[in-house]
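So the sequences go chain by chain: S and R. Heads up, the first sequence is in our numbering, so the first residue is 1 and it goes up one at a time. Heads up, the second sequence is in our numbering, so the first residue is 1 and it goes up one at a time.
Calculated from the structure, these hints are not laboratory results. Keep in mind that this is a model prediction, so the values were computed, not measured. Even glycine gets a Cβ: it sits at the ideal position worked out from N, Cα and C. Among the hints, a few may not be true.
[Said to hold, decoys possible] In silico contact screen, one side only, chain S against chain R (beta carbon under 10 Å); selected entries:
#, residue
1, 7
2, 41
3, 45
4, 102
5, 103
6, 104
Read off the chains here:
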Amino acid sequence: AQSVAQPEDQVNVAEGNPLTVKCTYSVSGNPYLFWYVQYPNRGLQFLLKYITGDNLVKGSYGFEAEFNKSQTSFHLKKPSALVSDSALYFCAVRDAGNTPLVFGKGTRLSVIA
Amino acid sequence: GAVVSQHPSWVICKSGTSVKIECRSLDFQATTMFWYRQFPKQSLMLMATSNEGSKATYEQGVEKDKFLINHASLTLSTLTVTSAHPEDSSFYICSARWPHYPNTGELFFGEGSRLTVL
Numbered sequence: 001a002q003s004v005a006q007p008e009d010q011v012n013v014a015e016g017n018p019l020t021v022k023c024t025y026s027v028s029g030n031p032y033l034f035w036y037v038q039y040p041n042r043g044l045q046f047l048l049k050y051i052t053g054d055n056l057v058k059g060s061y062g063f064e065a066e067f068n069k070s071q072t073s074f075h076l077k078k079p080s081a082l083v084s085d086s087a088l089y090f091c092a093v094r095d096a097g098n099t100p101l102v103f104g105k106g107t108r109l110s111v112i113a
Numbered sequence: 001g002a003v004v005s006q007h008p009s010w011v012i013c014k015s016g017t018s019v020k021i022e023c024r025s026l027d028f029q030a031t032t033m034f035w036y037r038q039f040p041k042q043s044l045m046l047m048a049t050s051n052e053g054s055k056a057t058y059e060q061g062v063e064k065d066k067f068l069i070n071h072a073s074l075t076l077s078t079l080t081v082t083s084a085h086p087e088d089s090s091f092y093i094c095s096a097r098w099p100h101y102p103n104t105g106e107l108f109f110g111e112g113s114r115l116t117v118l
């Protein structure tokens, strides 16, 4: 069975500094990996995904994520954080079969001006 | 990207009544939709997988008679919380799987429905 771990409940970063939100996964076979963002009282918005190809994936709003197979990680990064990036971030994984996405518990990002 | 619309966004009801939440895929046909429940400051809990034209598949621990799911068309799935009680108060989110190639399982989410049962 697949699983996702987001080891940090909360990440605080100053505006303009780089940010990293960590995610590790466990899945049988090749993983399909996703990052979503959720603003208060809203649904989830898709940020980016890794299916195959380049390990560095670029997504919406300047975010990117690096797939590391040996470390089974898919950390979300942004070179320069904005206050508006403050939100709840979810990592998700599925295998290549017709299975639902499995979500991590979420990491709350706070960007301080 | 694809658009999923969820209605209502907010609903307050009395204990014992039933509430229906609709989830529509606006610009694509979704043979599979998923219903999630999110408790405050927690992750999404998958409740059930809704399949067009067939019975929903419920996750372990989710009461089928309590949370009725109907997926009568390729663009509409509904979740009915029957005989709601205060413990059913939560944020319910639907999502639809992009059906076309490449089928990477990417989900598009509705805006969520906050249910408060008094």
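Hints, verified against the model:
no.: 1; hint: 7; verdict: 14 Å, violated
no.: 2; hint: 41; verdict: 7 Å, holds
no.: 3; hint: 45; verdict: 7 Å, holds
no.: 4; hint: 102; verdict: 8 Å, holds
no.: 5; hint: 103; verdict: 5 Å, holds
no.: 6; hint: 104; verdict: 7 Å, holds
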